[in-house]
Amino acid sequence: MTPPSHDDLIDRLAAELKPVRPLASPVTRALGWLAVVAALAVVLAMLSDLDALRRRLETAPDMWLAILGSTLTAACAAFAAFELSVPDRKPAWALLPLPPLLLWVAASGLGCLRGWVIPGTHVASMRETGDCLVFILGLSVPLGAALLLMLRRAFPLRPDLTAMTGALAVAAAAASLLNFFHPFDAAVTDLAVHAIAVAVVIAAGRVLSRRVFAG
Amino acid sequence: MIAAAPVVAFLPSKIVMPLPSLPWYGPSPQFRMTEPRRMADADARRTGLAADERRAALMAAAQAGDGAAYQALLRDCISIVQAIARRQGVPADRIDDVVQETLLSVHRARHTYDPQRPFIGWLRAIAQRRAIDVLRSTGRHGRREVHAPLAYESFPDAAAPDRDAERAQAGSTIAPAIAALPAGQREAVQRLVLEERSLAEAAVITGRKPGALKVNLHRALKTLRAKLGGGEG
Chain A
3 MTPPSHDDLI DRLAAELKPV RPLASPVTRA LGWLAVVAAL AVVLAMLSDL DALRRRLETA
63 PDMWLAILGS TLTAACAAFA AFELSVPDRK PAWALLPLPP LLLWVAASGL GCLRGWVIPG
123 THVASMRETG DCLVFILGLS VPLGAALLLM LRRAFPLRPD LTAMTGALAV AAAAASLLNF
183 FHPFDAAVTD LAVHAIAVAV VIAAGRVLSR RVFAG
Chain B
7 MIAAAPVVAF LPSKIVMPLP SLPWYGPSPQ FRMTEPRRMA DADARRTGLA ADERRAALMA
67 AAQAGDGAAY QALLRDCISI VQAIARRQGV PADRIDDVVQ ETLLSVHRAR HTYDPQRPFI
127 GWLRAIAQRR AIDVLRSTGR HGRREVHAPL AYESFPDAAA PDRDAERAQA GSTIAPAIAA
187 LPAGQREAVQ RLVLEERSLA EAAVITGRKP GALKVNLHRA LKTLRAKLGG GEG
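So the protein sequences, as listed, match chains A and B. Counting in the working numbering, the first sequence runs from 3 upward without gaps. Counting in the working numbering, the second sequence runs from 7 upward without gaps.
FYI, nobody ran anything at the bench for these hints, they're computed from the structure. In this text the structure is predicted, and so the values were computed from the model without any measurement. One should not assume that every hint holds.
[Stated by the list, open to error] Residues on chain B that point at chain A, a partial pick, calculated with CB under 8 Å:
#1 G71
#2 G73
#3 Q77
#4 V105
#5 H113
#6 R116
#7 A131
#8 I132
#9 R135
#10 E207
A virtual CB, placed ideally from N, CA and C, is assigned to each residue, including glycine.
All chains, please: the whole structure from these sequences, using the hints.
Shown next, in the form of structure tokens:
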């Protein structure tokens with residue numbers, strides 16, 4: 003026999019029932035956010051010196067790997083975050099961005115070594131790395147706001163994990179877009195600043211998760 | 007002379023010998039599923055699938071705004087959620103809390119259900135999470151409980167002879183004090199304390215957020231404490 007309080011609650015919930023539009027699949031929603039990132043990339047590409055970027059990539063081919071790593075990290079983390087935002091998806095989705103993240107970190111580390119072994123390489127000064135930090139954090143705000151709004155429409159049962167995965171997507175996307183305006187090779191200080199920026203964005207995502215997500 | 011008892015008398019009526027299983031890599035006969043058992047399992051699986059398809063259809067109808075389908079579905083969910091909560095190790099007196107919290111979550115998350123996917127997996131994920139929440143809150147509550155031998159002197163026994171008179175006296179003092187509270191605070195005291203409803207339930211009834219109800223209750227208790235001279239408790 004059902005206790006009366008359950009019946010009361012069910013009657014109340016049924017009374018306030020309104021039709022809802024089922025949420026689009028996580029893949030579709032992730033593609034929507036990645037489209038926003040791609041549109042931003044087009045705008046930034048038009049503002050940047052693409053010839054300089056091409057020359058830089060020709061002289062330092064390992065930078066391709068770092069850019070590929072950060073871009074794939076952004077895409078995989080976005081797919082994982084949207085999967086995690088739906089109740090019946092497994093938490094193992096959070097592991098999806100780890101392989102490209104390893105590639106990104108490894109390739110960036112390789113860039114640091116190049117700064118040491120090749121004489122005459124322009125290594126970023128503290129002021130320039132500070133600019134990187136501001137760029138990543140500044141770009142993370144609109145990208146993160148768009149992602150949080152899109153994730154909020156779902157019902158993440160693990161708000162922390164969802165927010166941290168989403169924040170990784172945001173930080174990786176911002177770091178990828180930074181390459182349009184990165185007129186020097188990666189160095190230890192530069193990499194450390196990137197890591198700090200990513201950590202700050204992830205920490206912000208974790209702090210916001212409790213306020214933003216209902217699950 | 008004692009007649010020798012026949013040896014067979016000491017043997018069990020049935021000698022159970024493990025039979026060699028053929029082929030050697032196959033399961034032994036006692037573990038091999040019999041045909042009726044296999045058919046019963048297949049039937050149960052079919053029944054389970056049919057039940058889940060029915061629930062998925064009810065949820066799809068609920069998403070479209072069908073209240074009757076929604077009521078039928080939520081009633082159907084109760085026993086499933088209770089079983090999940092029991093399996094998670096939720097104490098018997100908190101299982102109803104898990105059911106209510108899960109029903110509220112199902113209501114808030116109903117737009118995230120994809121009718122192409124199994125309903126039971128979606129419901130199980132929500133119920134398990136709510137069971138963990140209740141277990142955590144039970145743990146926190148347990149940590150707040152302290153061994154207090156003096157409590158027997160501080161708090162009168164429920165069966166004390168003058169208990170009814172004291173209660174009546176306290177009621178006549180408290181009732182006007184509650185009535186004098188601002189509407190929001192009075193509502194929080196009414197639903198959460200006097201009617202002993204859960205925070206989630208009170209939130210649905212009043213249409214306020216659980217956080218707002220908590221704040222209102224806290225303020226109300228502070229006001230009442232100050233008014234009734236209970237000190238800083």
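Status of the hints after comparison with the structure:
A distance limit of 8 Å between C-beta atoms decides the matter here; for G71/B the minimum to chain A is near 4 Å, and the interface restraint holds. The closest approach between the C-beta of G73/B and any C-beta of chain A is roughly 4 Å, which is under the 8 Å cut-off, so the hint is satisfied. Evaluation of the Q77/B hint against chain A yields a held restraint, the C-beta minimum of about 5 Å falling below 8 Å. Restraint check, V105/B versus chain A: the minimum CB separation of about 6 Å is within 8 Å; hint holds.
Annotation: H113/B was flagged as interfacial toward chain A, and the flag holds, the nearest CB pair being 5 Å apart, inside 8 Å. Taking 8 Å as the C-beta cut-off, the interface hint given for R116/B holds, the closest approach to chain A being about 6 Å. Residue-level restraint check for A131/B holds (minimum Cβ-Cβ distance to chain A is 5 Å; threshold 8 Å). The beta carbon of I132/B is positioned within 8 Å of a beta carbon in chain A (closest approach about 5 Å), and the interface hint is therefore held.
The beta carbon of R135/B comes within 4 Å of a beta carbon in chain A, closer than 8 Å, and the hint placing it at the interface holds. With its C-beta approaching chain A no nearer than about 6 Å, E207/B sits inside the 8 Å limit, and its interface hint holds.
No hint from the list above goes unmet by this structure.
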